[in-house]
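Participant: Residue-level listing of the chains:
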Amino acid sequence: MRFDFALVESRLPEIFHALGVTLFMWIIGLIGASALGFLVAVARRFGPRSLSAALGVYVELFRGTPFLIQLFILYFGGPYVGLSLEAIPAGLVGLSVYGAAYFSEIFRAGFEAVPIGHVEAGECVGLNRVQIVRRILLPEMAMLVLPAGVNMAIILMKETAVMSVITVPELTLTISAIGTEFYAFVESLFLLALFYWGLVEICGWLGQVTERRFSRFRLVEA
Amino acid sequence: MNEAAIVIRQLCKKFGSNEVLHKINLEVAQGEATCIIGPSGSGKSTLLRCLAFLEEADSGTIEVYGQALGFSEDPSGRRVRLPASSLHAVRAKVGMVFQQFNLWPHMTALGNVSEALKSVRGLSRAAAEECAMIQLRKIGLGERASYYPAQLSGGQQQRVAIARALALEPRIMLFDEATASLDPELTGEVLNVMRALANDGMTMVIVTHEIGFAASIGRKIAFLDKGRVLLAGAPKDIFRGPRHPRMEQFLDTYLDRGAAMLI
Amino acid sequence: MTPAIFALLVEAAFKTLAISLLSIVIGFLIGMGVSAARLSTRFWIALPARIFVSFFRGVPLLVQLLLIYNLLPAIGINVPSIVAAVVGLSLCTAAYQAENLRGGFASVPRGLLEAADMVGLSPSQQLIRIRAPIAFRLTLPSLVNEAILILKASSLVSVVGVIELTRMAQDLDTSLYKPIQLYAAAGLLYFIINRMIAALGTLAERRYAWGRS
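Chains as they are written, first to last, in my numbering: chain Y, 1 to 222; chain X, 1001 to 1263; chain W, 2001 to 2213.
Chain Y extracted, bound-state conformation (with noise of 0.2 Å):
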């Protein structure tokens, strides 16, 4: 095993693109979970049962199975039903729909954990529907859905790397196929691990930051 620096170096441009890649695909992909996530949430919730069932299997199939067997449905599979992906959309796709059940799941317990009774003193002082969502529940439930959000936030960004077996150019695929163009196979995987670990790790410390800061809206027990 032999680590060589200047190999490394002619190939930087192309690492620093690929991680732009994971990053984009991670944010993006993020922000699609975590809204689609909110929209499902909040639809089973006050909307009519028939959709809540309807979006509760949705929910299930998509916890339940793999992550990979769901890209190479759309990625594969899509072009046979009219629906031709690039290998980046496709990515796109399919990580918010995937992570969209799960955030719809931390919603759903977020709005389940306001209790009932801060609603119903907020329709004591005369609230109206659209006022109480906006200053009672959501506050008291950012507080309550922020850990496991930022939880799944860190789950999504190690899936962005099963993006690679359907050819998203992120730094998995860009990183083995550089080892495997030098013979270099272990100390690139290795590279690989600690840049998703310290990616991870910054993650896992902005996360504690801002729960932190957002303590003021923590739920005070009786």
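Hints are computed from structural coordinates only; laboratory data are not their basis.
There's no promise every hint is true.
Said to hold, decoys possible - Which residues of chain X face chain W? A partial, calculated answer using Cβ under 7 Å:
hint: 1; residue: Leu1054
hint: 2; residue: Gln1100
hint: 3; residue: Pro1105
hint: 4; residue: Ala1116
hint: 5; residue: Val1120
hint: 6; residue: Gln1151
hint: 7; residue: Ser1153
What the hints assert, rightly or not - Quick list of simulated restraints, FRET-style, between CB atoms:
hint: 8; chain 1: Y; residue 1: Leu83; chain 2: W; residue 2: Met2196; range: 28 to 34 Å
hint: 9; chain 1: W; residue 1: Met2196; chain 2: Y; residue 2: Val130; range: 39 to 45 Å
hint: 10; chain 1: Y; residue 1: Phe182; chain 2: W; residue 2: Ile2075; range: 16 to 22 Å
hint: 11; chain 1: W; residue 1: Arg2042; chain 2: X; residue 2: Gln1151; range: 50 to 56 Å
hint: 12; chain 1: X; residue 1: Asn1018; chain 2: W; residue 2: Val2025; range: 47 to 53 Å
hint: 13; chain 1: X; residue 1: Asn1025; chain 2: W; residue 2: Tyr2208; range: 44 to 50 Å
hint: 14; chain 1: Y; residue 1: His118; chain 2: X; residue 2: Arg1081; range: 47 to 53 Å
hint: 15; chain 1: Y; residue 1: Cys124; chain 2: X; residue 2: Arg1081; range: 55 to 61 Å
hint: 16; chain 1: Y; residue 1: Glu120; chain 2: X; residue 2: Ala1234; range: 50 to 56 Å
hint: 17; chain 1: W; residue 1: Val2025; chain 2: Y; residue 2: Cys124; range: 53 to 59 Å
hint: 18; chain 1: X; residue 1: Gly1016; chain 2: W; residue 2: Asn2145; range: 37 to 43 Å
hint: 19; chain 1: Y; residue 1: Phe214; chain 2: W; residue 2: Phe2006; range: 46 to 52 Å
hint: 20; chain 1: X; residue 1: Arg1081; chain 2: Y; residue 2: Gly117; range: 46 to 52 Å
Unchecked claim - Quick list of in silico lysine to any residue cross-link-like pairs, SDA-like style, CA-CA up to 20 Å:
hint: 21; chain 1: X; residue 1: Lys1118; chain 2: W; residue 2: Ser2124
hint: 22; chain 1: X; residue 1: Lys1118; chain 2: W; residue 2: Gly2120
hint: 23; chain 1: W; residue 1: Lys2178; chain 2: Y; residue 2: Ser84
hint: 24; chain 1: X; residue 1: Lys1138; chain 2: X; residue 2: Gly1188
Note that the structure is a prediction, hence the values are computed from the model and not measured.
From the three backbone atoms N, C-alpha and C, an ideal C-beta is built for every residue, glycine too.
For this one, chain Y is given, so just place chains X and W on it according to the hints.
Facilitator: Frame of chain Y; chains X and W shown alone:
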């Protein structure tokens, strides 16, 4: 005058900068119930937990039947931590009942009561369970022996907890607000068990909010306020006649809790 | 989707199940060790354990699998790819299970241990008779959850050449050109197995309910 079962001298305890116990001096007589009462935050529970060595005092001594508990202190104030074996020897004579019962949820009532007999006293399973059944019957829960704590009411759980402590035949029983977690209808059954114990001559140290109960079974009442023993004596001296102003203040808050009976 | 094709997928599903179960069990044992190591007062035992947990939870499983698959031959250990896959999965789940166990042990209410102190149970007796059973019960839901996660994660071992459910579907696709049916069928099989695991988990929780309804 009975011999002293527990002698507490100059006991001090701080939590951070908060002085919870300040130079506590108290004697618990053998064969009697000593009740410790006082407002929240007065240090009652901390004092009891120090007697069980679940909290370690910062200075002062506790002697149980003449044997030092946890630390020995020489006249110059130097503290020496005593070996674990001495702690075990003292603990073997003391039983404790907690406010939260603390029954082990994965064992039946019988299992809870017999556990220490098996693991600590080395009895065979059959012998331990026989002893445990006797204890359970004494408190009226013989038919519930195979029930898990989750299947018992609060009062029943606390009675099992008492049986668990009694199974080891302690000489002293400590009660840390034993009825504070119970619904009012269920406190009676536990107080009755405690009353029967007192009548049998068990040495008891009872921290409680039940003033009426304390006045009726306690031979000695210690009133704690802000970490100090403000008053200590027989119930009639503490509750009847001209009362200490702080006691008046304290009883006022309890007037609808049974203290009215004392007047 | 002929029955014959489906039968091939089902057969591969059993392989997936076997790989997953093996990894969970091995991972649990390693996880117990790592969890215990983390509690050690000797920093040279506790620190590697912490690093282990941080690494295997911070790096994507795919990267871990690729790493181990390539690392083992490089240091002279030549094993079939399935062994490398199980090793990779086991180490990954071990890190998560170690965290779950840590949480479980920390959640055992202190009062129960104080009661044990008062009746004279020694620390090792407390560990075996009280802390372990209760911690295990508290950890059970996350254990079941982890089992489901590993089952799904096992689809990644297809990338390192193990013929399990996902790989079987891929291989069939190269000759049949019916990706939607094949992958949907594979997905359905994963889903069914996950459901069964969840049901087993519920049964186990009921068995250890200790009188709670």
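Participant: With reference to the structure, classify each hint as holding or not holding.
Facilitator: Evaluated hints:
Interface restraint check: Leu1054 (chain X) against chain W, minimum CB-CB distance 5 Å, threshold 7 Å, status holds. With its C-beta approaching chain W no nearer than about 5 Å, Gln1100 (chain X) sits inside the 7 Å limit, and its interface hint holds. The interface hint given for Pro1105 (chain X) holds, since its Cβ lies 5 Å from the closest Cβ of chain W, which is under the 7 Å cut-off. Residue-level restraint check for Ala1116 (chain X) holds (minimum Cβ-Cβ distance to chain W is 4 Å; threshold 7 Å).
For the restraint placing Val1120 (chain X) at the interface with chain W, the shortest Cβ-Cβ distance is roughly 4 Å, inside the 7 Å limit, so the hint holds. Taking 7 Å as the C-beta cut-off, the interface hint given for Gln1151 (chain X) holds, the closest approach to chain W being about 4 Å. Interface restraint check: Ser1153 (chain X) against chain W, minimum CB-CB distance 12 Å, threshold 7 Å, status violated. Range check, Leu83 (chain Y) to Met2196 (chain W): about 32 Å between beta-carbon atoms, so the 28 to 34 Å window is met.
Separation of Met2196 (chain W) from Val130 (chain Y) is about 44 Å and conforms to the stated range, judged on CB atoms against 39 to 45 Å. Phe182 (chain Y) and Ile2075 (chain W) have their C-beta atoms about 19 Å apart, which keeps the hinted 16 to 22 Å range intact. Checked against the hint of 50 to 56 Å, the pair Arg2042 (chain W) and Gln1151 (chain X) fails, with Cβ atoms roughly 43 Å apart. For Asn1018 (chain X) paired with Val2025 (chain W), a C-beta distance near 49 Å keeps the hint of 47 to 53 Å intact.
The hint said 44 to 50 Å for the Cβ distance between Asn1025 (chain X) and Tyr2208 (chain W), and at roughly 49 Å that hint holds. For His118 (chain Y) and Arg1081 (chain X), the hinted distance range of 47 to 53 Å is satisfied, since their beta carbons lie about 50 Å from each other. Against the hinted window of 55 to 61 Å, the Cβ-Cβ separation of Cys124 (chain Y) and Arg1081 (chain X) comes to about 58 Å, which satisfies the hint. Look at Glu120 (chain Y) against Ala1234 (chain X): about 52 Å separates their beta carbons, and that is inside 50 to 56 Å.
The supplied range of 53 to 59 Å is met by Val2025 (chain W) and Cys124 (chain Y), whose beta-carbon atoms lie about 54 Å from each other. Gly1016 (chain X) and Asn2145 (chain W) have their C-beta atoms about 39 Å apart, which keeps the hinted 37 to 43 Å range intact. The hinted range of 46 to 52 Å is satisfied by Phe214 (chain Y) and Phe2006 (chain W), whose Cβ atoms lie roughly 50 Å apart. At roughly 49 Å, the beta carbons of Arg1081 (chain X) and Gly117 (chain Y) sit within the given window of 46 to 52 Å.
The straight-line distance between the Cα atoms of Lys1118 (chain X) and Ser2124 (chain W) is roughly 15 Å, inside the 20 Å bound, and the hint therefore holds. With a C-alpha separation of about 11 Å, the suggested pair Lys1118 (chain X) and Gly2120 (chain W) falls inside the 20 Å cut-off, and the hint holds. Between the alpha carbons of Lys2178 (chain W) and Ser84 (chain Y) the distance comes to roughly 15 Å, so the proposed pair stays at or under 20 Å and holds. The hinted pair formed by Lys1138 (chain X) and Gly1188 (chain X) meets the criterion: a straight-line CA distance of about 16 Å does not exceed 20 Å.
Violation of the numbered hints given earlier is confined to hints 7, 11; the remaining hints are satisfied by the structure.
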